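Peer 1: Sequence:
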Amino acid sequence: MCSRASASSDSVVRVEVVQNCESCILTRMMATPHNLQSRGADHVLYRISMELGFVDYEDFQGRSIYLVIVDQFSNAKFTYPLVSKSPVRKNEAIR
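Here the sequence shown stands for residues 19 to 113, where the numbers follow the numbering used here.
Source of the hints: derived by calculation from the structure; they are not laboratory data. Please note that a few of the clues may not be correct.
[As the list claims (entries may be wrong)] Quick list of simulated restraints, FRET-style, between CB atoms:
1) Val101 with His61: 24 to 34 angstroms
2) Tyr98 with His61: 21 to 31 angstroms
3) Ser92 with Leu70: 16 to 26 angstroms
4) Asp74 with Ser104: 19 to 29 angstroms
Quick caveat: nothing in here was measured; it's all calculated off a predicted structure. The C-beta atom is built at its ideal place from N, Cα and C for all residues, glycine as well.
Start from the sequences, fold in the hints, and give me the full structure.
Peer 2: Structure (structure tokens):
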């Protein structure tokens, strides 16, 4: 919720509550910035990033989801194809 104040010529200030104004919607859509005070990675696999990627087609084993892991220290990238987003499938792919 936002409030919008407006003044008229007779010095009366009106405040009206606006639900879901454009700036509120845009603010919620933006990602929060990373903490600038966070430490970098000191050694391999100390800090990693994981993301799921989806493709429009399946490979010959029916996999259309990919788990991507990036090591922040060495910048090494690992990709594992998945059949589903199930946590059991992710554990099986990494092993």
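Peer 1: Now look at each hint and say whether the structure bears it out.
Peer 2: A quick look at each hint next to the structure:
At roughly 33 angstroms, the beta carbons of valine 101 and histidine 61 sit within the given window of 24 to 34 angstroms. Distance hint for tyrosine 98 and histidine 61: a CB-CB separation of about 23 angstroms, consistent with the stated range 21 to 31 angstroms. Serine 92 and leucine 70 have their C-beta atoms about 22 angstroms apart, which keeps the hinted 16 to 26 angstroms range intact. A hinted range of 19 to 29 angstroms for the beta carbons of aspartate 74 and serine 104 is consistent with their spacing of about 21 angstroms.
When each numbered hint is compared with the structure, no violation occurs for any of them.
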